[in-house]
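Enquirer: Here is how the chains run, residue by residue.
2 protein chains.
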Amino acid sequence: MTLEIETMTPRWNSQGLIPAVAQDATSGEVLMLAWMNEESLELTLTEGRAVYWSRSRRALWRKGETSGHIQQLVDIKLDCDGDTLLLKVEQTGAACHTGRYSCFFYDYSGGTWVAEDDTP
Amino acid sequence: MTLEIETMTPRWNSQGLIPAVAQDATSGEVLMLAWMNEESLELTLTEGRAVYWSRSRRALWRKGETSGHIQQLVDIKLDCDGDTLLLKVEQTGAACHTGRYSCFFYDYSGGTWVAEDDTP
Numbered sequence: 001m002t003l004e005i006e007t008m009t010p011r012w013n014s015q016g017l018i019p020a021v022a023q024d025a026t027s028g029e030v031l032m033l034a035w036m037n038e039e040s041l042e043l044t045l046t047e048g049r050a051v052y053w054s055r056s057r058r059a060l061w062r063k064g065e066t067s068g069h070i071q072q073l074v075d076i077k078l079d080c081d082g083d084t085l086l087l088k089v090e091q092t093g094a095a096c097h098t099g100r101y102s103c104f105f106y107d108y109s110g111g112t113w114v115a116e117d118d119t120p
Numbered sequence: 121m122t123l124e125i126e127t128m129t130p131r132w133n134s135q136g137l138i139p140a141v142a143q144d145a146t147s148g149e150v151l152m153l154a155w156m157n158e159e160s161l162e163l164t165l166t167e168g169r170a171v172y173w174s175r176s177r178r179a180l181w182r183k184g185e186t187s188g189h190i191q192q193l194v195d196i197k198l199d200c201d202g203d204t205l206l207l208k209v210e211q212t213g214a215a216c217h218t219g220r221y222s223c224f225f226y227d228y229s230g231g232t233w234v235a236e237d238d239t240p
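Quick note, the sequences are listed as chains A and B, same order. For the first sequence, position 92 (counting from the first letter as 1) is numbered 92 according to my numbering, and the numbering increases by one without interruption. For the second sequence, position 6 (counting from the first letter as 1) is numbered 126 according to my numbering, and the numbering increases by one without interruption.
Since the hints were derived computationally from the structure, they do not count as laboratory data. Any given hint could turn out to be false.
[Said to hold, decoys possible] Calculated lysine-lysine pairs in the DSBU-like style (CA-CA distance at most 35 angstroms, straight line):
no., chain 1, residue 1, chain 2, residue 2
1, A, Lys-88, B, Lys-208
2, A, Lys-88, B, Lys-197
3, B, Lys-197, A, Lys-77
4, B, Lys-208, B, Lys-197
5, B, Lys-208, A, Lys-77
6, A, Lys-88, A, Lys-77
With the hints as extra help, turn the sequences into a complete structure.
Expert: Take a look at the structure:
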């Protein structure tokens, strides 16, 4: 009798990156999407906190390194075809550089995307 | 006195696509990540259900068209830099082609990504 274990490996895109969705482990709120390369994923797993790859700066991005707004890793999952990661995190401070807790704050309204708290 | 409204527009990548995260509107469970082009986003907004762009088939992908597992749109948001969408949906059936409710089911365990329900 053999034990069949279904496994998967991350599938990096042509730039060697994979998208990573960060979700608040307690509330379930989706906080942001960022990208990881192989090194940043390894660092995330070994350090237990989110380390991304900044595509604009072309450098490792230890989330919260300057702001203190780190994301402590609670759980991490890979999806069915290995091309997306989901991180459940404990977010210190705010995920968004605007100071908002989540980066997803533009609502679609009348053909335009309008910031939630600026909606009249 | 002027009313300042902060707006954003979707930023399509070099392939004309934007990643879209689908989340269960009730439970908050993250279901999947797929991609949209401008047409599929417009169809999503007008039809009130998730329509993606299939990168493998290079065609519009009305989620659930063949399986019946449609995603009714409850809310949609764009993120702070306009390059990711978040859809809150009512999922009929299962989001994943494997029959699982969510596509995120591989856990990291001992250096390997192992399917949740195959873990001994």
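Enquirer: All the hints need checking, so say for each whether the structure fits it.
Expert: Do the hints match the structure? See the list:
A distance of roughly 18 angstroms separates the Cα atoms of Lys-88/A and Lys-208/B; the hinted pair therefore holds under the 35 angstroms criterion. Taking the CA atoms of Lys-88/A and Lys-197/B, the gap is about 20 angstroms. The hint holds against a cut of 35 angstroms. As the CA atoms of Lys-197/B and Lys-77/A are separated by approximately 23 angstroms, the hinted pair is consistent with the 35 angstroms bound. The straight-line distance between the Cα atoms of Lys-208/B and Lys-197/B is roughly 9 angstroms, inside the 35 angstroms bound, and the hint therefore holds.
In summary, the hint linking Lys-208/B to Lys-77/A is supported, as the alpha carbons are separated by about 20 angstroms, within the 35 angstroms threshold. Of the pairs offered as hints, the one joining Lys-88/A and Lys-77/A holds, with about 9 angstroms between alpha carbons and a cut-off of 35 angstroms not exceeded.
The earlier numbered hints are all upheld by this structure, with none contradicted.
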